[in-house]
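Undergrad: Position chain B against the provided structure of chain A, taking the given hints into account.
Protein chains in written order, with my numbering: chain A, 1 to 407; chain B, 1001 to 1407.
Hints in this document: simulated from the structure, not taken from any laboratory. Don't take every hint at face value.
[Unchecked claim] Straight-line distance between alpha carbons at most 25 Å, and here's what the computed SDA-like set of lysine to any residue pairs gives:
no. : chain 1 : residue 1 : chain 2 : residue 2
1   : A       : K41       : B       : E1053
2   : A       : K170      : A       : G320
3   : B       : K1144     : B       : A1154
4   : B       : K1041     : B       : G1027
5   : A       : K41       : B       : A1045
6   : B       : K1170     : A       : D58
7   : B       : K1170     : A       : G259
8   : B       : K1041     : B       : L1015
Protein chains: 2
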Amino acid sequence: MTRDEARARDAADPLRGLRDRFALPEGTIYLDGNSLGALPKTTPARLTQVIEEQWGRDLIAGWNAHGWIDAAARVGARIAPLVGARPREVLVADSTSVNLFKLLAAACTARPDRATILSEPGNFPTDLYMAQGVAGMMVGRRVKTVAFDSLVQAIDDDVAVVLLTHVHYKSGAKRDMAAITAAAHAEGALMLWDLSHSAGAVAVDLNRCGVDLAVGCGYKYLNGGPGAPAFLYVAQALQEVLHSPLSGWMGHAAPFDFGDDYAPAPGIARFQCGTPPILGIAALEEGVAQMEGVDMPALFAKGQALCDLYIALVEERCDGFALASPRDAAWRGSHVSFAHPHAYAICQALIARRVIGDFRAPDVLRMGFAPLYTGFEDVWCAVDMLAAVMEARAWDDPAYRVRAAVT
Amino acid sequence: MTRDEARARDAADPLRGLRDRFALPEGTIYLDGNSLGALPKTTPARLTQVIEEQWGRDLIAGWNAHGWIDAAARVGARIAPLVGARPREVLVADSTSVNLFKLLAAACTARPDRATILSEPGNFPTDLYMAQGVAGMMVGRRVKTVAFDSLVQAIDDDVAVVLLTHVHYKSGAKRDMAAITAAAHAEGALMLWDLSHSAGAVAVDLNRCGVDLAVGCGYKYLNGGPGAPAFLYVAQALQEVLHSPLSGWMGHAAPFDFGDDYAPAPGIARFQCGTPPILGIAALEEGVAQMEGVDMPALFAKGQALCDLYIALVEERCDGFALASPRDAAWRGSHVSFAHPHAYAICQALIARRVIGDFRAPDVLRMGFAPLYTGFEDVWCAVDMLAAVMEARAWDDPAYRVRAAVT
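So that you can see chain A by itself, here it is in the shape it has in the complex:
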């Protein structure tokens, strides 16, 4: 594909107009929306409204007058269709990490005779770390990791909960949600999916797959801004059975009775803990709103096509890169990783040239293709720059080897 062909494909793309909803910096090709989504153009005005008109003018009355008290449930309900859930099965709350703790602990408590939280090595670190935190607090529990290829066979009657990330943060591999969930259920285990790299990027159908529990991230494909609140999902049938150990007052059945004893709220509300972060939720709501009314199957297909084009062009134009993601789009998320011994410096050289991807240790150059605002010409230009960097050995500059705090 030539640059002109890529440009023509953008011109013919019925979803191309969605890009105009985002404030993308001029001259930058941004392929890191899987780490931090772009800014919706409506977000600044929304935050100004919440801050100046709601907080500034109505102060404490804002909790009722402006729906702050319901915001976590309301935005959860708007996320629900993106993940195949019913509106009251999703709640915006805390961070992905904190939500993992709530749901893993609740799952372990619901399976008192089973010792094991089962996951895979190389899962996103915070998933494993939070599981270790849960196991450390609960006597007789442990975290067991089994390589993905053997994981399903390792589910036995000692497994309380299986914890996997639907789309792997590094490889982009998409797991078979329906089959693995069924395998967990066949052994009596609960299934918890981390949707951080899925929600808004690929089709997710929690209800159809019979999923028990899920968590997800607000600042990646949902475009909620840096450190946006996360979300959690609890299947309706389990909501009255499970108990969050983070039994904060906002998850209480009657928080404003100020009683001494915790009594969980009915439904998903019991998984709320402290006072919800209103500024963050407002920004997340604007992010989620960008996908409403969008033809989501077409959007997901576009993400796959962008990834396919990137793989094809890198393999055509750049030597020394080994594809570290599934080649089959059906088993991939919306980001693509290539391994290269100099991946870190190459990534830095690209960033210096305003092609923004990221590096994942030890040797992966990862590019994300958020289909809401990424075009085919972006992909072409990114690979053109990569080819130029490789051709000129531009990466071979000591300045590109110094690691920053966040890479």
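TA: Using the frame of chain A, we list chain B on its own:
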């Protein structure tokens, strides 16, 4: 005191100019800064900058370029002098509830042979609820509540940690931090103070009192906005000894190595869990900044004087109210509660007349006097309105009896 005298006192107040730093609504007397602090005038522009210039323009690079990665520690260090702590002893993180869980669980783990989390009945609900959550997850642990008057005597060698709120949310009673902390230590227990109604309102000296652990709220006297991130304090000597069970990737020693095993970061950073909420932290930073350079002892003395005036005027002009707060300012926070059988409807009648206080079940009318932006004339006018409401029985309107979601 007459209204003219109150006005004259404002005119003579060297701290009066601080009020101009806040965007207070015209015609409202706001006496609920202890529930939700007012909007600093600099906050809207700061958020616009973070959203449009930092997130919008620099996207993922914002983590390094704009100090997002250090924001939780940086703002914690700015809160530290308000609570008598060293800069690296305070961290902004999560909600007050989640921080309570981290520190209570860490304390219990550090005292493995002691079963009890000791608190008082009627402590702020989320403190008790989170303690119950911790006890529910850890075999053999329990929450014991003992009436405050007998609490010190109840500290024995089975107490792992004593949990109290420094200024009681309802009564405004200020506890003797030094004495109670010493009593806990004498029995080998750790001491955790909730500073939600203290920080920014009264003098707090965690280091001088030898306090082990503390948490506090960002949206009350710190003026961080609705649902602002909270803060936590861990005494330096304990930081390497204690372990948060919420062992998220942002508390890891090397989060970007993406290893499978959790290893806590050195120092206070280990008490961070997920990705920090950048919009919320930025708003909190603006709130905290309003107190920098302010003569804090004078500010706290003003808060006491405002409360004293309110008590004197209510008792002079309104019948049927029983003071439910300490009369001695030395043992009070910056809010005052009066009990009255019709407190709920009276509160609603006042709100309808734009005097904003709040109600706490079952019968308390609570007024907060945030000394940064509350004046003596405000107090006079609030009591004048209260007297008018009582005189006209204006509260005796069915409309004022309907409880809203947040009261």
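Undergrad: Does each hint fit the structure? Answer for all of them.
TA: Hints and how they fare:
no., hint, in the structure
1, A:K41 - B:E1053, "13 Å, holds"
2, A:K170 - A:G320, "19 Å, holds"
3, B:K1144 - B:A1154, "10 Å, holds"
4, B:K1041 - B:G1027, "18 Å, holds"
5, A:K41 - B:A1045, "17 Å, holds"
6, B:K1170 - A:D58, "23 Å, holds"
7, B:K1170 - A:G259, "13 Å, holds"
8, B:K1041 - B:L1015, "17 Å, holds"
The structure agrees with every numbered hint stated previously.
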